[in-house]
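So the sequence lines, in the order shown, correspond to chains A, B and C.
When the letters of the first sequence are read in order and numbered with the working numbering, they come out as residues 363 to 495.
When the letters of the second sequence are read in order and numbered with the working numbering, they come out as residues 363 to 495.
When the letters of the third sequence are read in order and numbered with the working numbering, they come out as residues 363 to 495.
Check before you lean on any hint, since a few could be wrong.
Chain copies aren't distinguished; within one or between two, either way the pair holds.
Straight line, CA to CA, 16 Å or less: simulated EDC-like cross-link-like pairs of lysine to aspartate or glutamate [to be verified]:
| hint | residue 1 | residue 2 |
| --- | --- | --- |
| 1 | K372 | E465 |
| 2 | K450 | E412 |
| 3 | K380 | D413 |
| 4 | K450 | E399 |
| 5 | K380 | E412 |
| 6 | K372 | D443 |
| 7 | K380 | E393 |
| 8 | K380 | E399 |
In short, the hints are calculated from the structure, not lab data.
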Amino acid sequence: MPLTQISIRKGSKTETQKRTLFNEIYLSMRETIDVPEDDRFMTLTEYATEDFDFGRHYMNIARSDDLILIRLTVSNTRSADQKQALFKRIADGLVRELGVRPEDVFISLVETNPENWSFGHGIAQYAEKALPT
Amino acid sequence: MPLTQISIRKGSKTETQKRTLFNEIYLSMRETIDVPEDDRFMTLTEYATEDFDFGRHYMNIARSDDLILIRLTVSNTRSADQKQALFKRIADGLVRELGVRPEDVFISLVETNPENWSFGHGIAQYAEKALPT
Amino acid sequence: MPLTQISIRKGSKTETQKRTLFNEIYLSMRETIDVPEDDRFMTLTEYATEDFDFGRHYMNIARSDDLILIRLTVSNTRSADQKQALFKRIADGLVRELGVRPEDVFISLVETNPENWSFGHGIAQYAEKALPT
Numbered sequence: 363m364p365l366t367q368i369s370i371r372k373g374s375k376t377e378t379q380k381r382t383l384f385n386e387i388y389l390s391m392r393e394t395i396d397v398p399e400d401d402r403f404m405t406l407t408e409y410a411t412e413d414f415d416f417g418r419h420y421m422n423i424a425r426s427d428d429l430i431l432i433r434l435t436v437s438n439t440r441s442a443d444q445k446q447a448l449f450k451r452i453a454d455g456l457v458r459e460l461g462v463r464p465e466d467v468f469i470s471l472v473e474t475n476p477e478n479w480s481f482g483h484g485i486a487q488y489a490e491k492a493l494p495t
Numbered sequence: 363m364p365l366t367q368i369s370i371r372k373g374s375k376t377e378t379q380k381r382t383l384f385n386e387i388y389l390s391m392r393e394t395i396d397v398p399e400d401d402r403f404m405t406l407t408e409y410a411t412e413d414f415d416f417g418r419h420y421m422n423i424a425r426s427d428d429l430i431l432i433r434l435t436v437s438n439t440r441s442a443d444q445k446q447a448l449f450k451r452i453a454d455g456l457v458r459e460l461g462v463r464p465e466d467v468f469i470s471l472v473e474t475n476p477e478n479w480s481f482g483h484g485i486a487q488y489a490e491k492a493l494p495t
Numbered sequence: 363m364p365l366t367q368i369s370i371r372k373g374s375k376t377e378t379q380k381r382t383l384f385n386e387i388y389l390s391m392r393e394t395i396d397v398p399e400d401d402r403f404m405t406l407t408e409y410a411t412e413d414f415d416f417g418r419h420y421m422n423i424a425r426s427d428d429l430i431l432i433r434l435t436v437s438n439t440r441s442a443d444q445k446q447a448l449f450k451r452i453a454d455g456l457v458r459e460l461g462v463r464p465e466d467v468f469i470s471l472v473e474t475n476p477e478n479w480s481f482g483h484g485i486a487q488y489a490e491k492a493l494p495t
């Protein structure tokens, strides 16, 4: 169910690196917040310099043009601990597999009700599960 | 007030089909969740294969390259029943009017407070309505 | 922490105007909702006519092709008054500095928990602050 939107600078990642990026974020969700197999829905957009604005020093974190901005939408069923584990796992994975600087991993999480998802056929699959049958 | 973000594969829809897509989503919201006339704000983005990653079998739903990923942001004033009616109406409409496979309609809904919208002039119109005058 | 996504018509703003747009939104957040210095994370996307659909008269507000659609994601720590001040400040700033019509400023705000942000290093910085040390 997680929906992932990735924003990077134009030309900062190769096709292979993008593939790795998708895979690492998916694996991170699998390992920390109980995301089922094949539950991956992600888009990536590249921005020209003039269309991508970010604070290079906010919180004394030195960001570079390699900044990866990750927006996640997930159901509101995780604990604060799980979310912290997710953030750590994503950053660790991108550092290890892509050579990204840990300063360049920005994550924003938006939570929604489980009933707010339809994975096909116009059915709210997670709501259906909660209903008596 | 709904804000709609649509993601598709590059080249998978003609200009006419995009127009139909916008119209069907708008009509679905009109008919199921009390969206007023002309309240339509939507963007559509096409993604190259390397920038669009999705599970082709999650929940045993067989998705194809025609996948339409729809993100909706709406006020948090609808019942679960209304949201389920919305999902069904969108999928039915896209199947009927665009020949889309029902497996290829993915919807994610994010809800916000009514006071969180400004439709122009820097005014939070829905908050204003709630205030004593 | 605010994450800002701006949508405009293709070619409706120059590079200099985009810079002003980013700056005015940032300054508006600084002045009305206590956003810290350098806390700015924004992307801008231009849409072809066929990919950008909006109601030209919703709420009797006459929108033009210069419409600026602004999506903000912020922590859920602001009052309704602060959010109204933010909307007003953004519209006033864009009118004053860019010559935008006030009818053409659309804002949608999504709120999340403070613990839902990681600004780097895989740490949920706002959650950490709330924890005993």
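Results of checking the hints against the structure:
1. K372 - E465: neither (19 Å within a copy, 32 Å between copies)
2. K450 - E412: neither (30 Å within a copy, 25 Å between copies)
3. K380 - D413: between (20 Å within a copy, 7 Å between copies)
4. K450 - E399: This pair counts as neither: shortest intra-copy Cα distance 20 Å, inter-copy 25 Å.
5. K380 - E412: This pair counts as between: shortest inter-copy Cα distance 7 Å, intra-copy 22 Å.
6. K372 - D443: Neither: 34 Å inside a chain and 38 Å across chains, both beyond 16 Å.
7. K380 - E393: For K380 and E393, the Cα distance exceeds 16 Å both inside one copy (20 Å) and across copies (37 Å).
8. K380 - E399: neither (20 Å within a copy, 31 Å between copies)
In this structure, the earlier hints numbered 1, 2, 4, 6, 7, 8 are contradicted, and the remaining ones agree with it.
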